[in-house]
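Which chain is which? The protein sequence lines are D, S, F and A, in order. Counting from 1, one number per residue, gives the positions in the first sequence under this note's numbering. Counting from 136, one number per residue, gives the positions in the second sequence under this note's numbering. Counting from 271, one number per residue, gives the positions in the third sequence under this note's numbering. Counting from 406, one number per residue, gives the positions in the fourth sequence under this note's numbering.
Please note that the accuracy of each hint is not assured.
[Claimed, not checked] Derived coverage of chain D by chain S (criterion: at least 3 residues anywhere in the stretch with Cβ under 8 Å from a Cβ of chain S; other residues may be distant):
hint, segment
1, 18-25
2, 52-58
3, 63-73
What the hints contain is simulated information worked out from the structure, not anything from laboratory work. Ideal Cβ positions, reconstructed from N, Cα and C, are used throughout, including at glycine.
There are 4 protein chains.
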Amino acid sequence: MIKSETKIRVRYGETDQMGYAYYGVYAQYYEVGRVEAMRLLGFSYKDVEERGIIMPVVDYTISYKKPAFYDDEITIVTTLKEIPTGVKIVFDYECYNSKNELLNIGKVTLVCINKNTNKMCKLPQWFIDAMHAFF
Amino acid sequence: MIKSETKIRVRYGETDQMGYAYYGVYAQYYEVGRVEAMRLLGFSYKDVEERGIIMPVVDYTISYKKPAFYDDEITIVTTLKEIPTGVKIVFDYECYNSKNELLNIGKVTLVCINKNTNKMCKLPQWFIDAMHAFF
Amino acid sequence: MIKSETKIRVRYGETDQMGYAYYGVYAQYYEVGRVEAMRLLGFSYKDVEERGIIMPVVDYTISYKKPAFYDDEITIVTTLKEIPTGVKIVFDYECYNSKNELLNIGKVTLVCINKNTNKMCKLPQWFIDAMHAFF
Amino acid sequence: MIKSETKIRVRYGETDQMGYAYYGVYAQYYEVGRVEAMRLLGFSYKDVEERGIIMPVVDYTISYKKPAFYDDEITIVTTLKEIPTGVKIVFDYECYNSKNELLNIGKVTLVCINKNTNKMCKLPQWFIDAMHAFF
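All chains should be modelled from the sequences, with the hints used to inform the complete structure.
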């Protein structure tokens with residue numbers, strides 16, 4: 001299992017007039033979470049793209065339990081539970097505030113696409129190999 | 136059933152370096168869709184808040200089939216399938232590009248909160264009444 | 271002179287906890303304004319990029335007089351006062367609410383870059399020619 | 406003089422199809438910069454609002470020299486050059502990439518508004534007092 005924790009402070013521009021962090025901003029927070037999870041593997045998502053793979057999101061679900069507020073430092077816990085065997089990779093998320101209250105849980109599924117052919121492809125072997133140290 | 140169609144043009148700032156409309160931007164597009172669906176009822180979400188109710192999102196799911204690109208004019212089809220009987224209201228979504236290709240489908244569940252008490256409450260009767268004309 | 275008026279409705283996700291349209295969102299609104307101004311010329315900014323030119327912003331100034339609020343329909347007035355003679359193009363902006371109150375004024379300067387060489391270049395002749403009808 | 410340095414990593418959702426950090430995102434980066442500058446004074450902007458003052462932006466200018474790219478760690482240098490004597494406060498900005506190249510410079514002017522009266526007011530004395538240690 002690969003697990004990473006990323007701290008993010010809610011920006012003013014990310015709040016809405018309800019005074020909550022806007023529900024749409026978690027897509028970015030989750031993205032930051034999985035990028036940091038990948039960095040544990042020894043490479044960045046930037047490297048992935050430079051090696052000819054893009055990984056767009058195909059499924060995204062999130063359940064909101066409590067809001068985050070302006071200037072809150074929240075923790076995104078990103079978990080990769082299984083080594084992918086096909087074209088998809090699944091990240092699970094939990095988000096907590098500084099009182100350790102669960103704010104939301106979610107799941108994001110990405111798919112590998114070969115930039116040259118613009119077709120889906122298996123997760124590359126070097127990516128898989130890097131994951132083995134954690135499982 | 137209440138069904139509304141909203142056209143939105145993808146802004147440059149909403150694309151990412153993959154050249155796609157960023158996966159996180161659909162939360163805003165869907166929000167615009169349900170606001171326009173409410174307007175069919177004879178009031179705006181702004182009115183709802185002014186009458187003392189806020190409606191934060193509690194669940195959001197989206198499945199992406201195809202990307203939208205910069206300057207595409209996309210159509211958000213927002214559907215309210217049932218008159219809510221409790222504290223929640225569910226909107227179903229389909230998003231199409233100008234070639235009528237399905238880009239993504241989704242669902243957003245909102246909950247009613249009384250601004251004064253900060254507690255969940257049933258959807259107000261005037262809101263329900265406005266919906267009856269459509270069912 | 272080329273002048274275009276674009277109406278934009280303030281989205282919920284674009285407000286902040288002050289209840290104002292966030293000061294940073296006008297960069298997007300102004301972008302939409304100049305894209306619509308270009309469309310008057312018979313092509314889109316998308317076409318410009320497909321013809322091998324990108325036009326990043328090099329200067330941006332904005333003075334805020336009054337805020338816009340959620341669900342306000344605002345008007346972006348974009349003006350091109352002069353036909354460019356070099357590598358830069360300047361757009362002037364005024365933004366009004368539906369009561370015709372001036373909300374902000376601004377100016378955005380873009381520069382032409384040849385995508386192949388990644389170097390600055392003059393505004394292409396077909397772009398200039400399209401402008402002559404308006405001056 | 407008060408000077409603060411804040412590191413921010415460019416998120417994927419903040420890039421555009423040009424591959425640059427979108428020109429509009431610096432409004433948020435600069436906001437983070439001045440919030441961190443205020444924190445040096447012993448309070449947060451959140452505290453300011455809780456004490457009954459809001460500080461909307463009235464002027465914003467930025468000149469872009471070079472783009473930032475996805476995953477770049479950039480440094481926002483925020484400077485407060487003078488203790489304000491009236492209703493306004495001015496922050497100067499420089500933004501650098503990790504090679505220490507200057508990406509952009511800017512200036513943001515905020516104004517103090519009393520939340521109760523919704524009128525402009527002088528910067529409160531406790532705010533001024535906190536600044537004296539730095540000048």
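Which numbered hints does this structure break?
-> Every hint satisfied by this model.
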